[in-house]
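Line order of the protein sequences matches chains H, L, P and G. With my numbering, the residue at position 23 of the first sequence is 338, and numbering never jumps. With my numbering, the residue at position 52 of the second sequence is 367, and numbering never jumps. With my numbering, the residue at position 125 of the third sequence is 440, and numbering never jumps. With my numbering, the residue at position 108 of the fourth sequence is 423, and numbering never jumps.
A hint or two may mislead.
No copy labels: a pair is met if it fits in one copy or bridges any two.
[Claimed, not checked] Each computed DMTMM-like pair below joins lysine to aspartate or glutamate, with the alpha-carbon atoms no more than 25 Å apart:
(1) Lys411 <-> Glu333
(2) Lys320 <-> Glu442
(3) Lys426 <-> Glu361
(4) Lys341 <-> Glu361
(5) Lys411 <-> Glu442
(6) Lys423 <-> Asp440
(7) Lys411 <-> Glu346
(8) Lys420 <-> Glu442
(9) Lys341 <-> Glu328
(10) Lys317 <-> Asp440
(11) Lys408 <-> Glu333
(12) Lys408 <-> Glu346
Keep in mind the hints are simulated off the structure, nothing from the lab.
There are 4 protein chains.
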Amino acid sequence: MKAAKMTASELEERLAREFPQGSYGKRIHIEAVGQMTARLRYTVNERNLRPGGTVAGPTLMGLADGAMYVAVLAHIGWVPHAVTTSLTINFLKKPKAIDLIAECKLIKLGKRLAVGDVGIRSDGDDELVAHCVVTYSIPPHGH
Amino acid sequence: MKAAKMTASELEERLAREFPQGSYGKRIHIEAVGQMTARLRYTVNERNLRPGGTVAGPTLMGLADGAMYVAVLAHIGWVPHAVTTSLTINFLKKPKAIDLIAECKLIKLGKRLAVGDVGIRSDGDDELVAHCVVTYSIPPHGH
Amino acid sequence: MKAAKMTASELEERLAREFPQGSYGKRIHIEAVGQMTARLRYTVNERNLRPGGTVAGPTLMGLADGAMYVAVLAHIGWVPHAVTTSLTINFLKKPKAIDLIAECKLIKLGKRLAVGDVGIRSDGDDELVAHCVVTYSIPPHGH
Amino acid sequence: MKAAKMTASELEERLAREFPQGSYGKRIHIEAVGQMTARLRYTVNERNLRPGGTVAGPTLMGLADGAMYVAVLAHIGWVPHAVTTSLTINFLKKPKAIDLIAECKLIKLGKRLAVGDVGIRSDGDDELVAHCVVTYSIPPHGH
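Chain H on its own, in the form it takes in the complex:
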């Protein structure tokens, strides 16, 4: 168990500033980072929707990847070149057209490798819409 090194707001602000074309601080907000965890909120709009009013799969995959990225950076500090090496997602039910909440829990946080699982659910609903396992490669860094 490791404590977070950056707060949710520090990290959101830094991600928004350094990746201005990304979604942080706009459609993605970091709600919390805790011991080996991170929680993101994604504001769904009509561009993400598929026929039937459901959120597109790639949106969920991008969100899961983002939740893992945030969890890793929150715990190792600002090492933006950490990269996804693999991702496995199971889609469990159709998300509604409302905000999505992604909760990442780090399963392993080593010097070079991190593994986490991410559950995504519609805001206000307990059941997951998708479950994801993500692995990251962490480059050598001075922290």
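Given the coordinates of chain H, assemble chains L, P and G onto it according to the supplied hints.
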């Protein structure tokens, strides 16, 4: 082995028409569909790029999912509510900032379940930047 | 959340009786079943070991699959023809040559599909040696 | 594309000699190694069978892992401490109670990381019973 029921251009035109907010006919072009295969081209622009000039992971995941969707529809006909049930991706090397080519091969095409693998590479390069296995659930349909 | 329908000892006894060539009641013991969970203990012996005194990967995969099978049957009742449809495992560190503990948590338990995650660790150690996501197909049944 | 450094018979003999408690040279035979490929035959006996006369999932997972191990060693030479880091398997149809053929194709063979896919089918049948993606970590070695 099943032969395709829709050609590449029929399918691209239909996807572009029915999902006008999507990327088909714009940044995604269906180059070919063959026996249990489909090939897509994705035009990379700066919105997809990550620091270092590489293509973002979610772009690759969305493209892999799209290649599988196209391969499935090409072979079962127009059943747009076919949905992704799982996706596993391994990122193999950093893509350059040039067009991506995604090639899907259907491993299994059953009545209700399809499984395919997708290799993604930068145009003009033989080595894969990512490899993906995707499963789809196919709803009952009249074809 | 669903409560278990069969206790750990009922299930172990039944699995041992109906699959006499299997490992239940011998090297695999069901320690507990709870709300959407199951915990198994695997007694490692030298036949499972790889060079360096570590447990072979297929042993871990079989154990993860078994933990999910037990969790599913505990919650839906005796439906032995439930079958694995997919499994993704990440190996996190080398297990020692001591008992393994596998803990399964059901992420989704639908009528036809179950998804669970399984963490495996060496007895007495907190860190996982492997993490697994398993999906099962549940045949129609009268329970 | 890399050519194999060890032949099928050299590798089978060495695996049988160094891992006498394993299955090489007994129930697993290496039929061929080619450019970035390997093919294994597994002799099914009743110990592998599940109710209904089908082969147990862990047998298929172990075989897929073995096919990848053989493919990697055939191409990098004798580096037995190469280890599985992840494995994703999709079970596609029930195998019959006859020999299984596993064909591995290396997707990437880097200095430290190898990724391969493995298709498993019943001998004499074209359709896959399982499809697998396996990643291996390769330790530093002198070859």
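Here's how the hints hold up against the structure:
1. Lys411 <-> Glu333: between (31 Å within a copy, 21 Å between copies)
2. Lys320 <-> Glu442: For Lys320 and Glu442, the Cα distance is within 25 Å only across copies (21 Å; inside one copy 30 Å).
3. Lys426 <-> Glu361: So Lys426 and Glu361 fail the 25 Å test inside a copy (40 Å) and across (31 Å) alike.
4. Lys341 <-> Glu361: Both ways: Lys341 and Glu361 sit 15 Å apart in one copy and 19 Å across, limit 25 Å.
5. Lys411 <-> Glu442: within (12 Å within a copy, 36 Å between copies)
6. Lys423 <-> Asp440: Between. Shortest inter-copy distance 14 Å satisfies the 25 Å Cα cut-off; intra-copy 28 Å does not.
7. Lys411 <-> Glu346: Within. Shortest intra-copy distance 20 Å satisfies the 25 Å Cα cut-off; inter-copy 33 Å does not.
8. Lys420 <-> Glu442: Answer is both: 17 Å inside a copy and 14 Å across each meet the 25 Å cutoff.
9. Lys341 <-> Glu328: within (11 Å within a copy, 33 Å between copies)
10. Lys317 <-> Asp440: For Lys317 and Asp440, only the inter-copy Cα distance (17 Å) is at most 25 Å; the intra-copy one is 29 Å.
11. Lys408 <-> Glu333: between (34 Å within a copy, 23 Å between copies)
12. Lys408 <-> Glu346: For Lys408 and Glu346, the Cα distance is within 25 Å only inside one copy (23 Å; across copies 31 Å).
This entry does not satisfy hint 3, going by the numbered hints stated previously; all others are met.
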